[in-house]
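Those letters in the sequence shown? Residues 91 to 424, per the numbering used here, in order.
No lab work stands behind these hints, which were simulated from the structure alone.
Bear in mind the structure is a predicted one, so any value in this text is a computation, not a measurement.
The reader is advised that the hints may include incorrect statements.
[Said to hold, decoys possible] Here are the simulated BS3-like pairs of lysine-lysine, each with C-alpha atoms no more than 25 Å apart in a straight line:
#: 1; residue 1: 407; residue 2: 395
#: 2; residue 1: 407; residue 2: 337
#: 3; residue 1: 345; residue 2: 168
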Amino acid sequence: MYAKQKISVAAVALLTASTLGAAANEKVTFGTNWLAEPEHGGYYQAVADGTYAACGLDVTIMQGGPQVSGRPMLLAGKIDFYMGGNLLSAFDAVQQGIPMRVVAADFQKDPQVIMSHPGEGLDKWEDLKNADQYILGDEGVQTFFQWMVTALGFDAAKRAPYTYNTAPFLANKKSIQQGYVTSEPFAVKKEGGFVPNQFLLADYGWDTYSTTIEVMQATIDKKPEVVQCFVDGSAKGWYKYLYGDNKAANDMIKKDNPDMSDEQIAFSIEQMKKFGLADSGDTEKLGIGAMTDARIKSFYDKMVKAKVTPEGIDISKAYTLAFVNKGVGLDLKK
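Given the sequences, and given the hints that come with them, work out the whole structure.
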């Protein structure tokens with residue numbers, strides 16, 4: 091049931107020919123799941139420095155946001171690739187019979203973090219369940235918090251809504267709050283004048299991949315060389331963004347999202363490196379974008395146990411390893 095996803099013999103033959111690159115200047119669109127930010131830096135880098143163009147792709151990045159529904163556009167064929175948040179959407183696609191696949195995981199770790207006030211008895215992961223209040227958004231309550239309740243003993247009755255405003259957290263020193271490790275700690279430091287404790291869920295068992303590249307099966311079948319170029323170009327882009335000259339990419343990000351400051355960008359990049367979001371674990375040998383069957387099955391089993399995802403889904407249909415784990419870009423790490 092959990093065997094490695096296979097692609098057709100014809101697709102393999104075309105994939106072998108991918109060394110010739112995609113058709114010259116083939117136009118494709120990549121939809122991100124939020125407004126332009128450093129967490130999308132590798133893709134902007136690959137556009138800015140010509141990495142995608144080098145293998146024949148003319149890539150347009152369509153930024154997401156609160157009013158943009160990117161995944162339906164992927165399903166409708168309006169965009170070619172989409173940035174997934176975690177693996178749950180891929181499991182859901184299989185359940186609904188939607189032929190969508192994850193072809194790379196550009197973040198080995200979900201950026202989701204739980205913050206607490208230092209020196210308030212909430213300085214260790216095992217202490218967090220004792221907080222007076224858990225400030226969490228609706229999506230988090232339906233996903234990672236279900237795992238925290240069932241597997242770790244957190245009290246569902248202590249949840250308070252997170253409205254993307256840090257004021258309630260700052261006002262209650264015995265509270266904990268969700269956030270992205272690249273974002274909310276920065277806001278707390280600026281608004282509260284202190285650095286919060288930061289517990290990355292990925293370091294405590296929340297082992298989903300994040301910032302995935304999703305694509306329809308039809309694209310894999312018809313244009314595997316395009317998929318390979320985009321996956322490889324994205325991996326190289328992430329290495330160069332994290333370890334090289336990323337000014338051109340950051341300029342593109344600020345053009346798409348004028349609210350993004352240089353200070354926020356620098357903080358986010360520092361956090362991505364510190365916590366190993368894109369480059370850690372399996373990427374050290376397999377390269378950025380790496381995925382394994384065992385890791386995906388581990389996360390699925392946890393979600394079944396937490397009653398987030400139903401039992402019996404053939405998760406081998408949610409992804410393919412045909413385009414990753416080849417060490418692409420390792421030579422660019424400095």
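Against the structure, the hints come out as follows:
no., hint, in the structure
1, 407 with 395, "20 Å, holds"
2, 407 with 337, "38 Å, violated"
3, 345 with 168, "23 Å, holds"
Checked against the numbered hints listed earlier, the structure breaks hint 2 alone; every other hint is satisfied.
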